[in-house]
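*Asks:* These protein sequence lines are chains F and W, in that order. Just so you know, we're using this note's numbering here: the first sequence kicks off at 48 and counts up by one. Just so you know, we're using this note's numbering here: the second sequence kicks off at 14 and counts up by one.
Everything labelled a hint here was simulated from the structure, so no lab data went into it. Please note that a few of the clues may not be correct.
[As the list claims (entries may be wrong)] Distance ranges between label pairs, derived from CB positions: (1) F:Lys310 x W:Leu57: 30 to 36 Å; (2) F:Pro204 x W:Tyr390: 55 to 61 Å; (3) F:Ser102 x W:Gly512: 43 to 49 Å; (4) W:Gly512 x F:Lys310: 46 to 52 Å.
[Said to hold, decoys possible] A few chain W residues that don't get close to chain F, going by computed Cβ distances all over 10 Å: (5) Ile60; (6) Asp165; (7) Arg173; (8) Ala192; (9) Ile250; (10) Pro251; (11) Met257; (12) Ile279; (13) Leu289; (14) Gly291; (15) Phe292; (16) Ile388; (17) Lys437; (18) Thr441.
For glycine and all other residues, C-beta sits at the position ideal for the given N, C-alpha and C.
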Amino acid sequence: MTLIARRSLVAGGAASIAALAFGSASRAQTGGTITVYNGQHRQTTEALVNEFTKSTGIKVTLRQGESSQLANQIIEEGARSPADVFYSEQSPPLVALDEKGLLLPADDATAAQIPAAYASPNKTWIGATMRVRVLVYNKAMIKPGELPPSILDVVTPAWKDRVGYVIRDGFQEQIMAVVKVKGRDGALAWLKSLKQNGRLYNGNGAAMNAVESGEVATALVNNYYWYGLAKERGEQNMKSAIHFFQKGDAGALVNLSPIGILKTTKQPELAQKFLAFAISEAGQKAMLATYAEYPVRPGVSPAFNLKPIDEIGIPITAHEVGGAALAYELQREAGIL
Amino acid sequence: MTAIARIGGRGSFPPALLAVAAIPGLLVALPIAYAVMRSAEAGLSGIIAELTRPVTLELLISTLTLAISVTVLTVILGVAGAWVTERCDIPYAGAWRIVASAPLAMPALVSSYAWSSLGPQFQGMAGAIMILTLACAPLVYLPVAAALRGLDPGFEDVARSLGRGPWSTFLNVVVPQAAPAVMGGALLVSSHMLAEFGALSFLRVQTFTTAIFQQYEMQFDNATAALLSSVLMALCIPLALGEMRIRHGRRFSRSGKGTARSPQIIKLGVYRIPVLLGFAAFGLLAIGIPFGMLMYWLASGTSAGMGLERLAPAIVGSLSYSLSGGLLTTILAIPLVLASMRLRGAVVTIAERLPYAIHGLPGLVIALSLVFFAIRYAPPLYQSPALVLIAYVMLYLPLAQSAIRASAELVPPELEDVARTLGKKPLTAFMEVTLPNLLPGIGASLAMVVLQLMRELTATLLLAPSGVVTLATEFWSYTNDRAFAAAAPFAAALVIVSGVPVYVFTLRTLKRG
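Next up, chain W with everything else stripped away, as it sits in the complex:
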């Protein structure tokens, strides 16, 4: 049986892990220090003048419009999709689950490029909202579908036996249990929107992030860019804290596996046809059209085949950097998550939340801050693979944290206490008792982070050793040069290679459990 209890942080924590948990906290402080330091160069009056410019307000409005619209729409699509595939009698549910998850494999950079080439109606704010909603819907769908599957239907049975109707049961029993999954997905989507650059560069939408890139392009004393970055961080903080509030004090750990009973399946009836059409349309828009455009370029452009000799090195580059980055990010996230769940205090809370606050920062700011600090204080690291991996950790730590937290919340800390009373040392107890229980979260974290890293562009460009290429950097450089057909194989390879972590992740998340 599952226990829902409201608790504070508790339990013991191995000191060795605490040291590891401090590393990411220190790392994410770097871009913050950098942005604040560079902003300060503008002086107080400069800062006020900059923040009160009409353009700043325009940027604020368009950034918030994009972030809020995409977040709300992905939540609607994701929750509705998850409800239908997990709780309704939709035929071929397995196939629709794949359709709902598959856009994860299609980088927004690629789909945005494909859509924008179809016409001006897709290049404005409405187009951007549509393109990014389609691309991000799985970020809500997958955790919610997993949460719906993992719920113990026993609670719903109890509610109904106490006279609650189906709606009342849904609102009072299902929603509270699925809310952390929904909020976690929504947080990821909205912070992605704040930091999105690649996809928007093909559209006519300006946000703080595109403006930051522009500032860096237009001038070489970057107080303004740093200031806009600080604003962006300020926008991320309420998101990060809001998500924590929702999670705070909820505990869903269980000591048994729970019952294997199936939840009540709702009959779609007359709604079956429109629901099926909706899924089909989603698949067509999110995957069919972008992939069709890739094939069209490949077949029609004269630049086809150009630079093909770099396809193999690019695949190797993408895989080696993204796998290493995924592993390192996950390893550093584990102690951080556990420390925040078991220890109390402001320091721990801040260390755990900081990565979320900088998750909305564009890769450019993270990368430049690392250039600045590495060349001054750790020159051997500069333009070494290690620095790229450090940037990856800073960029995608929250993805790993969220995935691991989802598993960690199901592990009662008392288990480790029991191991310790049986004479195990703290670290041994952790390794033998807690870690094995975290495996599902670790798998999800690896898959999600690897997936995002495969399409990472700016930090790779700025920090990788000279000459290193990845699928994303090659695609980018050819689209910059308008060589669509030459770019297409790199995009196609990116989609196909991304399919592997998506497959692993989807399987893991949706494994009946």
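With the rest of the complex left out, here is chain F:
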């Protein structure tokens, strides 16, 4: 019995090596295919790709991963990178690639269709969708009157152990927004108080769940985490709600998910078509179907019932929040990293 099992394991292993070798040989790229490294939510990009292929006939090979891991991978790949396009969930990875001179500017005609603040100054990347930093709170633990107008308030001793935070996915940009309002020293003091009084979670989803279950009263997360949980559990069952910081406050930050073309691409025309499609009306609508994000293209309405974008935000460009080397330095100085 075990001998047979062992033999079948060996045979299975040999067969599967053969299958892998054969499979890779038949995977040769045909004309009209681009490779997109995707760190954005998978469903968002898959919906975009489906519409893109339907409308242009160009096929897309998606490589899914965490945005920063993909950026590190592209840096290690250097001149031989197989990627044509990189779609990142956060702006720092694309800003880093830009600083290393790895990106090709988007066509002027494409960049002109969205507000200039939603793209890098040299158009090497453009925004594709946007999300908002919010404070989610447990309705049984926080009264509406207690909700703070500023993100600077939630780190005071009065909030000891009542605010959850996550140091990834939007947090570096958040720090840069505080730097913009309070300066470097102010931001450092804010981070130190946050470390002292806040509760660190390993992911936005974990922090969101913690608020919903009443484990912590509030948490700093991206807006769509609440909508995602509400979709899963039913909105009427939600024990938590979203609080927006006052317009102009560092906490009312709007973050971009940017997209850019690699300089090493061998098919820049196809890659340019993909970027143009991403910010077209059809592309924007496809991407907004699953997650509660905002469009970058004026005139497209979000699929979820979201607070209007002109009632939130602070005057800071995506390029400024994306240069997160300072945020990294501050986090290390505050002992968070």
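The hints should help you fit chain W onto chain F, whose structure is shown.
*Replies:* Chain W alone, transformed into the frame defined by chain F:
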């Protein structure tokens, strides 16, 4: 009769196999070279500044707390469990053996996700220790149970006939013979703990490995991450050498099958009820609760059924990659193990120990080092299945080595010498005499490596051809998006598919022999 003898390396070795043995040694040198090279970019003062930061000390403390606690607890649980199922009169011993081995089929990634969703009390260090202890206990239980079964009770009879009491016999006769199995299991558990990332990502525990992932996420010049990786390797080296010391010079090879006598069975008496309750609680905590949570998500979430069309490709992806990886890893491990047992010299020792030193490295570092080297020096390999398999070999070689060594130690090298004096060529003698005797170890190695590869995440994500999906990568991507119900079928399939190698492995290990 078994012979216990203290010997050095000895015996002949076919040159063809020596060449094969060199391959894994060269492979594992790659991430080491990569980590050292990238660390050096920080400069000496940068390195000193980094290592003396208070955060580095915090990481060291929490990493060691986790690794030591889980190792000690799994050894206690595993040895106690093995003692009870193999040497005590517990009713339904066969069923409890399955309970004690079954957590192997439940990936720590899944059980950690399930437990963390139950409340904050499971998300801290204590929770992490509990979750990972439950998940890893079989890694000690199985080899120890197998060792207890394989012992020749003749030694114990001799000890007792010489007037030793039961405790003295246990300590002086049983423990020394079972120690390599215990140490081998403990080494695996502790190096797993150093490299664990998936399970900890749902908890609030920071280790060197989670910090390395964070560094790669936060910045794009990775001297710091490389430096932390070097520290992690430094932590693995004493583990790898310590295990070797325990094994060194012990030889348990036998020329006959030994006696078929059964060992003396101890009556549990009044302890029977608490022992039974303990096994039941273990099964409930390690399997029942995580699997129950999976079923709950499946039934309650609105994302149920999303992406289900990818279930079949994911199963195919998991099976083809893990089976190929298991086979390749095992093939490369055999000559390495035999060379280290039969040849003397520092080079052989280092080649055999290096894989253990990098076993504690996170998959991310291994994968990035392969990206770096492949794209520069072997571009056709890049994003081909072959590179994934190479990463798998580097990650899990020690599992294969340990399993094969356990069998190889029972084969007297003199057998091959006899074949050669009868006129066989070295390679033929090896193929016809030694290899058949290694089959049990090869089976165990295949099962263990395949099992671990099915849940491998980071190297697969970074290195597989674009578009390849496995059960682990799909589960991961849905839990990242908080779509619990959509993730549940992939987790359930992972548990069920993992059941096959666990079954093969358990049967093989516990076959009375």
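*Asks:* Does glycine 291 of chain W really sit off the interface, with its C-beta more than 10 Å from all C-beta atoms of chain F?
*Replies:* At roughly 29 Å from the nearest Cβ of chain F, glycine 291 of chain W sits farther out than 10 Å, so the non-interface label holds.
*Asks:* According to the definition I'm using, a residue is off the interface if its beta carbon is farther than 10 Å from all beta carbons of the partner; does alanine 192 of chain W meet that for chain F?
*Replies:* Given a closest Cβ separation of 26 Å, the condition holds.
*Asks:* Lying within 55 to 61 Å: is that true of the beta-carbon distance proline 204 of chain F to tyrosine 390 of chain W?
*Replies:* holds, 56 Å
*Asks:* For isoleucine 60 of chain W, is the shortest CB-to-CB distance to chain F above 10 Å, so the non-interface label stands?
*Replies:* The claim stands: isoleucine 60 of chain W keeps its Cβ more than 10 Å from every Cβ of chain F (closest is about 15 Å).
*Asks:* 46 to 52 Å was suggested as the range; check whether the CB atoms of glycine 512 of chain W and lysine 310 of chain F agree with it.
*Replies:* holds, 48 Å
*Asks:* Is the Cβ of isoleucine 250 of chain W farther than 10 Å from every Cβ of chain F?
*Replies:* Correct as stated: the minimum Cβ-Cβ distance to chain F is 26 Å, above 10 Å.
*Asks:* Taking the shortest Cβ-to-Cβ distance between methionine 257 of chain W and chain F, state whether it exceeds 10 Å.
*Replies:* Its Cβ never comes within 10 Å of chain F, the nearest being 28 Å, so this holds.
*Asks:* Check the non-interface label on phenylalanine 292 of chain W: least C-beta distance to chain F beyond 10 Å or not.
*Replies:* holds, 25 Å
*Asks:* For isoleucine 388 of chain W, is the shortest beta carbon distance to chain F beyond 10 Å?
*Replies:* violated, 5 Å
*Asks:* So lysine 437 of chain W supposedly isn't at the interface. Is its beta-carbon more than 10 Å from every beta-carbon in chain F?
*Replies:* holds, 24 Å
*Asks:* If I take the minimum Cβ distance from threonine 441 of chain W to any residue of chain F, is it greater than 10 Å?
*Replies:* The claim stands: threonine 441 of chain W keeps its Cβ more than 10 Å from every Cβ of chain F (closest is about 20 Å).
*Asks:* Evaluate the condition: distance from the CB of aspartate 165 of chain W to the nearest CB of chain F exceeds 10 Å.
*Replies:* holds, 22 Å
Of the numbered hints stated above, the single one contradicted by the structure is hint 16.
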